[in-house]
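Chemist: Each chain, letter by letter, is given below.
There are 2 protein chains.
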Amino acid sequence: MQSNDSIKALVDIIESRRSIRLFDKTPVPGEVIEKALDLALLAPNSSNLQPWEFYWVRNPESKSELVKACFSQAAAATAAELVVCIARTRTWKRNCEDMKEQLEKAEKQGTRIPKAAWLYYRKIAPLMYTQGRFGVLGLLKCIGFFILGFWKPVSREPMSSHDMKIWATKTTALACENFMLAVRAFGFDTCPMEGMDSRRVKKILKLPGDALVPMVIAIGKRREDGVTLPRIRGPRSWFIKTI
Amino acid sequence: MQSNDSIKALVDIIESRRSIRLFDKTPVPGEVIEKALDLALLAPNSSNLQPWEFYWVRNPESKSELVKACFSQAAAATAAELVVCIARTRTWKRNCEDMKEQLEKAEKQGTRIPKAAWLYYRKIAPLMYTQGRFGVLGLLKCIGFFILGFWKPVSREPMSSHDMKIWATKTTALACENFMLAVRAFGFDTCPMEGMDSRRVKKILKLPGDALVPMVIAIGKRREDGVTLPRIRGPRSWFIKTI
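Protein chains in written order, with this note's numbering: chain A, 1 to 243; chain B, 1 to 243.
These are calculated hints, taken from the structure and not from any lab test. Please note that a few of the clues may not be correct.
You can't tell identical chains apart in this list, so a pair holds if it fits in one copy or across any two.
With a Cα cut of at most 30 Å, we get these calculated DSS-like pairs of lysine-lysine [unchecked claim]:
1. K8 - K35
2. K108 - K202
3. K203 - K93
4. K221 - K8
5. K241 - K68
6. K152 - K63
7. K68 - K105
Just so you know, these numbers come straight off a predicted model, no measurement behind them.
Can you make the complete structure from the sequences, with help from the hints?
Modeler: Written as C-alpha cells, this is what we have:
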C-alpha cells in the first residue's frame, strides 16, 4: 500500500474514533474482537516482556457483574462486548524465559541473534526488573545508580514495585490503543473506561494481586446520540513543543 | 472509506511497524512529525484532561545531549528526529479550567452540553484528581471509598501522587501509539526507548518536577539491517482470555 493511502486511512480511523457513551443493539462479530486483540498484541512493548492481558468477558453473568463494577454507566450497559485490559507486574519472568527459548529456536533455524540480545535477556533484564523482597534490591539499585549517575547517564526506572506498575500500565496502554483503532477500522466503536471499581473487576476475573486494571473497553456500534460532548483539545502549544 | 480497506490499511501499518535500531540517513519531512503529533493528540485520554506533552528536539546541541541521555544507543544516534514524550501530573487543573471554558463557548454557540458534564468538570474531576498536601486528601478519599466499597462499587484510583503518575503515563502511552502508527503510515519508522536517563532528559528539556518521561521516540527510515530480532510473542493464550 502507498503511504499516501495508508496515512489517509489512518487519519480517517483516528479522526472518526470517539469515545462512545451509547451503543445501539448491533452485535459485533466475534472475528472483529479476535482480530483487534491480535493487533493489540503487536504493539511495541517494553523489552518485549509483554506485561499485558486481555479478558473478553462473554459469560452473561460475569458481564452483568462487570457492568455493575463500571458503575452501570451507559457505555458499559449498552455495549455489545466488554474487554478488560490488564497490566501484570509479575509475568515478566515467565515471558523472559519464553523469549530466551524462542530466540534459541530461531538461532537453531539459522537466524542470527546479536550477542547483545543474549546478554540482555540472560543478565540485564532480570537485574532491571527484579525489585527483591520488600523492594530491597530496587532500593539498592536506586542508590547505586544515583551515585553512578553523577558521572554518566544511568537508568532511573524501574526501581520499585511502584515503578513496575507504571511500567506495566504504559505498555498495556500502547496495546489498548491498537485495539481501539482496529475496532474503529472495522466500522465499530469503543469507549475506554477508567471509571470503574478495579477491586471488583479483579474479583470478577479472579485475578492475582499483581494485576492492575488500566481500563475496561466497551465495544459496539455507536448510536446517533452516542457522542455526548464536542471533541475538545487545549491549545496545541500546551502539548506540542519544538526546542 | 470502506471498513474493508480501512482494516487492511491498519493491519499493514501495525504489522509493518517494528522497533528500528538503525536508521539510514534519509531525512524525515517536518510535516510528517507535525501531522503525527496532531494525530497523537486525538488519542482518547482520561477525562479529557490531556496530561501529555511532546517535545520535538531539533536544536543540534540539545539533540546531541539527548542522544547521550539515551545511552548513545544506535536507535537514538542514527535517528533523523527525536521526540520526547512527557506525562504531567499537575497540568490537569489548567486543562480542566480550559475544558469548562470551551464547553461554555460551545453551549453559547448552541451545542447541548449534558448536565452530567458540567457536574463532572465543576465538582467531580477536581475532587478525584486533587490529592492534597502530602497526599492527605488522597488518603482520606482512599479510606472513605474503601469503607463505602463494602456496599457498592467505588473508584479505587487515583488516590495518591503515585496513582497520578500511573494515570498520566497511561494516557500519554495511548497518544504515543497513535504517533508511532502515524509515522509508519507515512512510510517512516520509529523506536520507542525507555532505556534512558529520565533525570538527564528532564534537565535537558528544563522540565518541572511533576514531569515523567514515559519514552523517547526515535524517528527515521529503517536501514535494511535495522530490525535486529525476529518478532516474537508468547503463546496467545497467555495474553488473550475469554471468560
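Chemist: Evaluate each hint against the coordinates.
Modeler: For each hint, the structure was consulted:
| no. | hint | in the structure |
| --- | --- | --- |
| 1 | K8 - K35 | both (21 Å within a copy, 11 Å between copies) |
| 2 | K108 - K202 | neither (41 Å within a copy, 43 Å between copies) |
| 3 | K203 - K93 | within (24 Å within a copy, 33 Å between copies) |
| 4 | K221 - K8 | both (22 Å within a copy, 20 Å between copies) |
| 5 | K241 - K68 | between (41 Å within a copy, 21 Å between copies) |
| 6 | K152 - K63 | between (51 Å within a copy, 17 Å between copies) |
| 7 | K68 - K105 | neither (46 Å within a copy, 34 Å between copies) |
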